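Take the given structure of chain A and dock chain B to it, following the hints.
Spelled out, the chains give:
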Amino acid sequence: MFELLTSKFEDLFYRIRNRGKLSPQDLDNALREIRLALLEADVNFKVVKEFLDSIRAKALGQNILESLTPGQQVVKIVNEEIIGLLGQSNSEINFSGRPPTVFLMAGLQGTGKTTATVKLANFIKNRYQRKVSVIAADIYRPAAVVQLSDMAKQHDIEVFFKPEADPVSIAAEGVDFLKKRGSDVIIIDTAGRLHIDREMMEEIKNIRKKVFPHQIYLVLDAMTGQEAVNIARKFNEDIEFDGIILTKLDSDARGGAALSVNHVTGKPVKFISTGEKIDEFEPFYADRIASRILGMGDVLTLIEKAEKVIDEKKARELEDKILKNQLNFVDFIDQIKSIRKMGSLDKILGMLPVKNKSKVFSGINIDDSQISRIEAIINSMTMQEKLKPYIINGSRKKRIAAGSGTSVNDVNKLLKQFSTAQQTLKQFSRSGKNFSLPFNFP
Amino acid sequence: MQKLIKNLNFLWNKFRKNNEKFWAEIEEQFILNDISALTAEEIIRDVRNKSIGENINDAELLKNLLRNKIISILSENTNIMRSGDTPYIKESVKGRESASIWMIVGVNGVGKTSSIAKLARMFKSEGKKVLLTAADTFRAAAFEQIDHFAGLLDIPVVHHQRYSDPGAVVFDSIEKAAAGKFDIVLIDTAGRMHTAANLMEELKKIKRVIIKKTGSKPDEILMAVDSTTGQNSMSQTSAFHEALGLTGLILTKTDGTSRGGIVITIMNELGVPVKYITNGEKLENIEPFDPIIFTDRIIN
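Just so you know, the sequences run in chain order A and B.
Under my numbering, think of the first position of the first sequence as 97, with each following residue one higher.
Under my numbering, think of the first position of the second sequence as 96, with each following residue one higher.
Isolated chain A (complex conformation) (with noise of 0.2 Å):
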């Protein structure tokens, strides 16, 4: 996520930091790469103009060409100013005092509204304990309907059609029924529409109307290229959206369009989707997309989807042993189970503040298939090995190979990614505790 931009201002900065002091040059040259960088980003060619004016006002202002710091200074602008124009994060869901709670959901083909639909429903049902139901309002994609009502279903999640109906009379009748039935909050899944399409922008405007929504998300891909603050502001023209849903966050989607579809309309993004199961969805925070973009990984991210999944106490313990270094195959095999639960192992590496992080995690390239393969050749070690798994010789590999149906190469394979894990690890406790930035912050 947001990947390219990061490794550029990881780039960038460190080139910075690493000098005593900043020249007009420098800054020059600064702002440049901070300009390449969020154009390929795909943030708008004009938002991309005033941030730079506002950096380098902001940077002139503070005098920071004589400041001792002036690197840690232009981080801490740059790192501001993204999250200005990211905008205020607030996703908290605010029910209406009479149920149900309706939302809409909007967007161009394509960009994920019914996959978003079902997990903002899901989303809703486990955090709140509401009773949420979604509505199949698009008509026009071939096998949409279906689509929603598996995935609705298979989270236990109720789903209005109506066949041969269109599009307002469903969420119309949709929000009656579902109202009786005693939902308290219901989405409504619309059907995929450009912004320029006359016909279809009336029809959603009249959805609008009909059954007054509580909340209007539009859902935009984050791949979306310049375009993006032309869609959004049509869309906000004539539906006035309230939020906006980030999807496809989960391949190396530079999600430019985030900062310049909040920047034109000042609506916030309120979730983002980073992935194809249900529960890869989660609230937006935009100090925390922006600390990512700036090179310092997204570690309140990650500590809270850990905290979901490990219990807090254990927590600490495990990250206290990181700190001393003491990490065993007993934790291993704990944090493997528990990682499972988080998502897949590269997202979770992608959150971690480290620089080029290819590199440093090339020797720990664990595919989620092979996690079971591992979970063996660990069950196989005796309890001394698991927690000092320096003693495992030869013989003792040809044990553990034996006894996990694998090879001894698999075996060196795994100690080898251990170590490497370790001193990944052993990284982070240098920076200090609660995996402080890498270098120090103004």
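Derived by calculation from the structure, the hints in this document are not laboratory data.
Just so we're clear, the structure is a prediction, and the values are computed from it rather than from any experiment.
One or more of the hints may lead you astray.
As a list, the in silico PhoX-like pairs of lysine-lysine whose alpha-carbon atoms are at most 20 Å apart [what the hints assert, rightly or not]:
1) B:312 - B:299
2) A:221 - A:373
3) A:154 - A:142
4) B:116 - A:142
5) A:275 - A:305
6) A:145 - B:116
Residues from chain B that keep clear of chain A, each with C-beta distances beyond 12 Å, as calculated [unchecked claim]:
7) 101
8) 158
9) 204
Cβ-Cβ distance ranges computed for the label pairs, FRET-style [to be verified]:
10) B:296 - A:373: 12 to 20 Å
11) B:154 - A:334: 31 to 39 Å
12) A:150 - B:104: 32 to 40 Å
13) A:491 - B:270: 44 to 52 Å
14) B:119 - A:334: 27 to 35 Å
15) B:251 - A:492: 42 to 50 Å
16) B:257 - A:225: 41 to 49 Å
Idealized CB from N, CA, C, for every residue including glycine.
Coordinates of chain B only, in the frame set by chain A:
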């Protein structure tokens, strides 16, 4: 004399200023059309040098130079031919004993299945016997979607149960194509993020199944690119190209306001040509890619 120099300087500066403004505007236009900043810079540098060498200052002539440059980038590596004004694709389906095998790939939501339906309709209208293959066994209702199109077009579709092995579906469909003397097999694959290593492996496996079964590579491996997507299309193309060796792109959703200028960067960097564009929700909304029309939408 002094005054003359001053005046000349003034004029020169004014000209230079105008000149700078012209190129800055071109750059802005390019970037707003999703051409990458680096490619935009490169194209502008080339054309600018050329204009200095040939002493061209007229805005219209400069634009023409730019236009020709982009058209030449987009026309490389492609088998797009022209008859008069209409472009067509040379030998899209070879006349031969066994069926042509086409794989359509891409990330989620770019319009793979719709593109396949459009290709199927196009080939059918040319009198070809088309077989569809539902190798997206993952997404809910993916089969229902392609089956809906198959019904409309009265074209058979090979499918297995949901979550079954896509390779096996492809295997079956190649057998069926051979037995039924089909001209072309269009394989719909599940959308996947190019960064998902195991899902990319699955695609490679499908390709291996085809090679094993037919003795040759798929005739086309086309990746659908959403014209609304920005710079990430480059990253997608390079990942899919590395994994599969793409033969071309289908640029989708060009009926919106996005121009899809990123394909200029893609051609420039990777040499993967755009072969088709789709431009609407109707089944006939597909055309061979026309570099000239495309370029004119960006330049003007």
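Hint check:
With a C-alpha separation of about 11 Å, the suggested pair residue 312 of chain B and residue 299 of chain B falls inside the 20 Å cut-off, and the hint holds. For the hint pairing residue 221 of chain A with residue 373 of chain A, the CA-to-CA distance comes to about 16 Å; that is within 20 Å, so the pair holds. Pair hint residue 154 of chain A plus residue 142 of chain A holds up; C-alpha atoms about 18 Å apart against a cutoff of 20 Å. Between the alpha carbons of residue 116 of chain B and residue 142 of chain A the distance comes to roughly 16 Å, so the proposed pair stays at or under 20 Å and holds.
Using a Cα cut-off of 20 Å, the hinted pair residue 275 of chain A and residue 305 of chain A holds, with the two alpha carbons roughly 18 Å apart. The straight-line distance between the Cα atoms of residue 145 of chain A and residue 116 of chain B is roughly 15 Å, inside the 20 Å bound, and the hint therefore holds. With 12 Å as the threshold on Cβ separation, the claim that residue 101 of chain B sits away from chain A holds: the shortest Cβ distance comes to roughly 30 Å. The claim that residue 158 of chain B is not at the interface with chain A holds, since no C-beta of that chain comes within 12 Å of its own (minimum 19 Å).
Look at residue 204 of chain B: its CB is around 3 Å from the nearest CB on chain A, not clear of 12 Å, so calling it non-interface is violated. A hinted range of 12 to 20 Å holds for the C-beta pair residue 296 of chain B and residue 373 of chain A, which are about 19 Å apart. The hinted range of 31 to 39 Å is satisfied by residue 154 of chain B and residue 334 of chain A, whose Cβ atoms lie roughly 37 Å apart. In this structure the supplied range 32 to 40 Å holds for residue 150 of chain A paired with residue 104 of chain B, their Cβ-Cβ distance being about 34 Å.
The beta-carbon spacing between residue 491 of chain A and residue 270 of chain B, approximately 51 Å, falls within the hinted interval of 44 to 52 Å. The supplied range of 27 to 35 Å is met by residue 119 of chain B and residue 334 of chain A, whose beta-carbon atoms lie about 33 Å from each other. Taking 42 to 50 Å as the suggested C-beta distance range, the pair residue 251 of chain B and residue 492 of chain A does not conform, at roughly 58 Å. Residue 257 of chain B and residue 225 of chain A have their C-beta atoms about 31 Å apart, which leaves the hinted 41 to 49 Å range violated.
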